[in-house]
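Chains as they are written, first to last, in the numbering used here: chain Y, 1 to 241; chain H, 242 to 495.
Among these hints, one or two may not hold up.
[Stated by the list, open to error] Label pairs and their computed distance ranges (CB to CB):
1) Phe11(Y) with Leu488(H): 34 to 40 Å
2) Thr472(H) with Arg106(Y): 36 to 42 Å
3) Arg233(Y) with Asp266(H): 44 to 50 Å
4) Asp291(H) with Gln234(Y): 53 to 59 Å
5) Val283(H) with Arg106(Y): 32 to 38 Å
6) Ala260(H) with Val170(Y): 45 to 51 Å
7) Arg154(Y) with Glu244(H): 29 to 35 Å
8) Arg198(Y) with Ile264(H): 48 to 54 Å
9) Ala55(Y) with Leu293(H): 50 to 56 Å
10) Arg70(Y) with Val283(H): 23 to 29 Å
[To be verified] Some chain H residues near chain Y, calculated using beta-carbon distances under 8 Å:
11) Glu273
12) Asp367
13) Thr371
14) Leu372
15) Ala373
Hints are computed from structural coordinates only; laboratory data are not their basis. Note that the coordinates shown come from a computational prediction; the quantities given were computed from them, not determined experimentally. The beta carbon of each residue, even a glycine, is placed where N, CA and C say it ideally should be.
In case you want the letters, here they are:
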Amino acid sequence: MIQFADLVKSFEGRPVLTGLTLEVRDGETMVIIGYSGTGKSVALKHVVGLLAPDAGDVLVDGRPVSTLDRAALSALRREIGFVFQFAALFDSMTVGENVALGLRRRGLSDEQIEERVAEALALVDLTGSGDRMPAELSGGMRKRVGIARAIALRPRYVLYDEPTTGLDPVTAAVIDRLLVRTRQHLGVTGVVVTHDMRSAYTVGDRIAMLYEGRIRQVGTVAEIQATDDPVVRQFIEGRPA
Amino acid sequence: MIERIGHRTVQAIEGVGRAGQFIADMIRAVPEVGVWARLTLVQMRRVGVDSLPVALFIAAFTGVVLALQASYTFTGAVPMYFVGTLVGKTMMLELGPVLAGLALAGRVGASMAAELGTMRVTEQVDALETLAYDPQSFLVIPRVIAGTAMFPVVVALAVVVGITTGWVTSLALLGLSTPEFIKGLKLFYQFKDTWFGLVKSASFGFTITMVGCAVGLSTRGGAEGVGRSATNAVVYAAIFILVLDALWAAVLLR
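Okay, chain Y solo, but in the shape it has when bound (with noise of 0.2 Å):
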C-alpha cells in the first residue's frame, strides 16, 4: 500500500503540494488527475525518494520514505517500477540494453537477464527491436520500451508519469490497453499521473483529482463521472473556466 501523508513541497517559496494524503490499495490502478503543473509529477516522485518532501512523507508498506537510509532506499526502489513522462531511455543504450539495466542490477544471470527482456519487449509488442537504438524510435514506441523496461522488473508498483502525454489518439489508446495488460498479467498496484480523462476512465479503479497542493476529490471512475463538485466537473469535462 502506497500512502500520501500530509505531502508538502515547495520550490523557491512557491508551494506545490500543500498537504497531500491519499491511500493506493494494494492491487489496485489510482489515477491522480488535474491540471498542468499541479504538483502530479512531484508526488510521484516522493514515492521513489527522488524527492525529499518539506513536511509529510509517503508511505510504502508503512516504510516511510523520506527517513529511509540508501541501503533501505535502494530496497525500495527495487520494488517499483517508474515510467517517466518522456520515457527517460538511456540514448547511449539499446533497447534491450536499456531493459536489461535494472535486471543486471539485482544480479540476475545473462540467461535470465535475456530471457525477461524479451518477456518484457514481447508484452509491449516490441518482440525484436532489442537492438534499436532510442533515437530511431517513435515518441510511442519510446514509451512502450520506458513500460518495459519498469514492467521487466516484475515490480510490486508501477508509477506511471504522463504515460500518453504527446502520443496521437490512436497510440494513446494502444498505451492505456497496456496499462490495463501489464495490470491483468502481473497483478501490479499502479499509480498514473495524468490529464488525459479518456486514459484515466480506461485505466483507473480509482480517480483522484490534485487541486491548488491538496487531493480535491478521490472515488471510482463512475462516482468521478458523477461528481457535483463544480471543479472536478470542469475539469472531467474540459470546460475553459
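Add chain H to chain Y, keeping to what the hints say.
Showing chain H alone in chain Y's frame:
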C-alpha cells in the same frame, strides 16, 4: 552593493558545501566496484585514446616554438645546447601538463558536463536512481578514475612528442647536432622532473573530470542549461588547473 557582496559570499559558501557533499557522496559510492569497474574501461578509452590527437597536436607545435624561442633568446649569450635543456624542462614541468590540461578541460570537461547535463534534464539520471543505481558509482566514479589515470599517460606522450619536435627543429632550423641537443636535455635533468609533471597531470585529470561531472549533474533548465553547464565546466576547470599549477610549484619545486 553590500547586499550583492553578501549574496555572492553566501553563494560561494554554498558552492563549497555542495562540492564537499559531492566528493563525500563519491567516496561513499567507491565500494560499489561491480558497478563502476566495467564502465571505467569505456571511459578510459574515451578520456585517454580519444584525447590523444588534440594533446599531441598542441605538444608538437609547442616543441617547435620552444626550440625557436630558446635559440632567439640564447644567441650569442648562452651555449646553444641549452635549447635542449629549455625544451625538455619546460615540456616536462610546465607546458606539457598545463597546455594539455587546458585543452582537455575543453574537450573532456565540456563533453562530460554536456552529457551528464542532458541526462539530468531528460530525467535519465532520475531513471538510473529508480533502477537502484547510484549516479555516483554509475556516472561519476568511472569518469574521475579514467581522468586521473589517463591524463598522465596522455601528458607523457605529449611531452615525448614536444621534445621530439623541439629536437627536429633544432636539427633542421638551428644547426644543432643530436649529441648537442641531448647534452642540453640531460644537463639539469632530475627524475623529479618526470614524476612532478605526471603527478600534476593526474591532479588535473581528477579536477577536470570532477568539475565536469559535478557541473553536469547540477544542470537545470533544458538546452540552455546544458549549454551553460558546458561553458561553466570549462571555465571552472581552467581556473582550477591554473591554481593547482601554482600550488604544486609552491609545494614541490621550492
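Structure versus earlier hints, numbers of those that do not hold, lowest first: 5, 7 and 11
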